[in-house]
Amino acid sequence: MKTTTKGKKGASPKVSRKEKTSAILMLLPSTILLAVCSIYPFIWMFRYVCYNYNGFKATYTGTANFNRLASDSTFWKSVGVTFEYAGLKILFIIPLALLIAVLLNLRMKGHSVQRGIIFMPTIISSAIAGMIFTFVFATQNGVLNGILKSLHLIKSPVPWISSTDFVMTAVIILAVWGGVGNYMLYFTTGINGISEDCYESAKIDGANGLQTFFYVTLPMLAPVLKTVLMLAITSAFKDYESIMVLTDGGPNSRSMVMFLYIYHVIFGTTNSSAQVQIGYGALLSIVAAAIVGVVTVIYLQLAKKLDKVNG
Amino acid sequence: MSRFKRAAAAVLAGAMSVSLAACGSSADGSASTASGSAAASGSTTTAAAGAATTKASGSSDGKTVVNVWSNDRHDQEYVTKMVDQYNQTNTDNIEINLTIITDNYDNMIQMAVNGGSNAPDIIGSPSTALTNWADTGIIEPLNSYIDKDPEYQKVNDPYNHAYEGLNAEDGQIYYVYSGMRSGVRVEYNKNLLSENGFTDVPKTLDDYTAMAQTITNNGNGSYYGIGFTSSSPFERLLEMVAQVSGIYYYDYVNGKFDFSGYKEIIEKGQQLVKAAYPDQQGVDNMRALFAQGSFALWSNASQEAGVFTQQLPITDFEWGVAEVPSLTGEIKGALQTTPSKGYGLIRTSKNKDAAWKVISYFQSEEFLKGYLEGGYCLPITDYMDSRIDKTKIGRLADFSKLSYEDVYPTVPSVNLQGDNYRTVLWNAVMGYVSADEAIADLNQRYNDALEADIKSGSVKRLVISDYDPLHPSKGTATYQTK
Chain A
1 MKTTTKGKKG ASPKVSRKEK TSAILMLLPS TILLAVCSIY PFIWMFRYVC YNYNGFKATY
61 TGTANFNRLA SDSTFWKSVG VTFEYAGLKI LFIIPLALLI AVLLNLRMKG HSVQRGIIFM
121 PTIISSAIAG MIFTFVFATQ NGVLNGILKS LHLIKSPVPW ISSTDFVMTA VIILAVWGGV
181 GNYMLYFTTG INGISEDCYE SAKIDGANGL QTFFYVTLPM LAPVLKTVLM LAITSAFKDY
241 ESIMVLTDGG PNSRSMVMFL YIYHVIFGTT NSSAQVQIGY GALLSIVAAA IVGVVTVIYL
301 QLAKKLDKVN G
Chain B
1 MSRFKRAAAA VLAGAMSVSL AACGSSADGS ASTASGSAAA SGSTTTAAAG AATTKASGSS
61 DGKTVVNVWS NDRHDQEYVT KMVDQYNQTN TDNIEINLTI ITDNYDNMIQ MAVNGGSNAP
121 DIIGSPSTAL TNWADTGIIE PLNSYIDKDP EYQKVNDPYN HAYEGLNAED GQIYYVYSGM
181 RSGVRVEYNK NLLSENGFTD VPKTLDDYTA MAQTITNNGN GSYYGIGFTS SSPFERLLEM
241 VAQVSGIYYY DYVNGKFDFS GYKEIIEKGQ QLVKAAYPDQ QGVDNMRALF AQGSFALWSN
301 ASQEAGVFTQ QLPITDFEWG VAEVPSLTGE IKGALQTTPS KGYGLIRTSK NKDAAWKVIS
361 YFQSEEFLKG YLEGGYCLPI TDYMDSRIDK TKIGRLADFS KLSYEDVYPT VPSVNLQGDN
421 YRTVLWNAVM GYVSADEAIA DLNQRYNDAL EADIKSGSVK RLVISDYDPL HPSKGTATYQ
481 TK
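From first to last, the protein sequence lines stand for chains A and B.
Numbering (the numbering used here) for the first sequence: 1 to 311.
Numbering (the numbering used here) for the second sequence: 1 to 482.
Worth flagging that the hints you see were computed from the coordinates, not collected in a lab.
Even glycine gets a Cβ: it sits at the ideal position worked out from N, Cα and C.
Hints are not guaranteed to be accurate.
As the list claims (entries may be wrong) - Here are a few chain A residues that face chain B, going by a calculated C-beta distance under 7 Å:
(1) ASN67
(2) ARG68
(3) ASP205
(4) ASN252
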């Protein structure tokens, strides 16, 4: 059978001038907002990377801020802490969220209530969560030490947030507590999208629960997992609010993630004969954004390769 | 959906809403409380969320409106009452429009002045360095107004309370302070001390440490000798011990940073923290623990008078106030006090003469007597100290000015790389870094930053060749560009 098509193959349909005008008009408000609230501040930030700027006075310093960046051991240490924090957070939060989502999907009695309870920390502001956890992690009268002691798991109280040995564990517990509900919800949505036919086929083939998870659920969930992992990576690298309230980066900068350090540089205290440094902070922000960007790109490349392997 | 499920879902949704509301309650709560006060006063607006609204400067009902911005909320009740009284009774046809801004105060002023509209005429002294306000021309010197006002001079003694870099630069006074916060004191649990065989707080750091250790040992985990907060802990005791021992981090004579004197303080501090309560939590948490008798020694300035009588009233034991110890028991340097309640005149004000009258009123004997007797702060001048009834100021009297308290000239604020000195010195006290390493690191980083900033023109070197550690505010300050 012969078919004829008008115009070139794949060419987009002709858009009338009226339609173009309405499209432009509809895009205009969001474009203006994006330019004013996002692009302009970004350009504004670039202006000051070669200045000492404290919000009042700007002094041109040439490449001084770049030289300082190279030798700023506190910043580079905070980058290391950020990688450690992000790695540990993702290592625990993603498998835990997936496990919870799968278990809740078995629709045991009370699963909706349990899902609600697990999701609840997500709606609490991270600063409030940090404040609550100072009581949970208190050495002397803390909730966690009380529980561990009553279970005879520890003999003496653990200095969760006042010891360099334990503070990272405390920060990770808070991060997992605050974020697991969110990722659980993503996974639940993904699992709900998997056709029941797949599970029925697996059942007919005699697959047990574990086999069903590894050979049906996990592969079918791969696209969701890929997106969730990307979100988890970017958000873990940017976390700092709850850490600021819980430990303020201490003790001895052991929980000083890079965005918390940048916050201190830009908005820090002025009562220790040190200025706030918006110019240098702007440069650090750009470097930190670049680090997060590079990590995300590397992850996406790896994910692509994995897709090919799976395909 | 079954009835049980529906009920459970409703309960969960309710719980989530409540927790969400709780998360927002802090800011909203303060805003609504403030609105309440504002509505009651009629002449005060509190901009808790940072949005200040003022009447346009100029005439209102034939009156000259003077817009005043302040970031002090603790005294709002008294100030509002006095503003209302002034608005009703003054014969100069002036109306004060007071706005209290609790968030982002310094930026709000800067934006209002640079934006050219809605700028106030008067500001309560901001927290950032005077140089930011004076050198950029946001505020102007008050000398010409002060010189014409003998009554103001009598009450406020401005030239004897001109502190280099804090409210004055090169002989120009930009704010005059009416009050002050005391230097750090030791607040102690008298009952715990006497139970452990002590009656007074020792004068030397060694004896102080030994007492703290004895109490901790005797407490056997139920109470401790001393408590430290996680919020700037070095500043709240050991830095002040260093000050009264004649140790300071800036060498005023040679115009450079010098942290070498802190080695002994760090080493003795390491002994002291061994006797401390196991946690270093936020200030309010530690205050609460002191108030419930968890440790015997706490140290902070005169704000603790209000904290332990109103905010966290101590009723289960007697508490006393003592001077901070020194290394040898001898006072070799001044203890830093923090002046407060100054007012700056905005250069762009169109009503400067009226604004000065308002400043004079805020710093008049009539206004200050009630203010100081209300216990909002301590008097800074001998004159007002002699005019107030000290029986009315409650426990604040325990924090009265000591003969060796003074204000240190403001050290150049540098573009520092890495942690500030208080963080690093505390890290050394905690044993995370050695004392020698900490001192070498601070000397290097602070002086490098100072030299770089002097070279770029960001700061000037402060030199006081006749510097006296017991009277640091009395020297002759010179600023050098090299």
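Exercise. Mind checking the CB of ARG68 of chain A against every CB in chain B and telling me if the closest is under 7 Å?
Key: OK, holds: ARG68 of chain A within 7 Å of chain B, min 5 Å.
Practice problem: Have a go at the ASP205 of chain A hint: is there a Cβ in chain B nearer than 7 Å to its own Cβ? | Solution: At about 33 Å, which exceeds the 7 Å cut-off, the nearest Cβ of chain B leaves the hint on ASP205 of chain A violated.
Self-check item: Supplied contact hint for ASN252 of chain A, tested at 7 Å Cβ to chain B
Solution: Holds: closest Cβ of chain B sits about 4 Å from ASN252 of chain A, inside 7 Å.
Exercise. Would you settle whether the hint for ASN67 of chain A is holds or violated, based on the nearest Cβ-Cβ distance to chain B being less than 7 Å?
Key: At 10 Å from the nearest chain B Cβ, ASN67 of chain A fails the 7 Å test, so the hint is violated.
In this structure, the hints that do not hold are numbers 1 and 3, in rising order.
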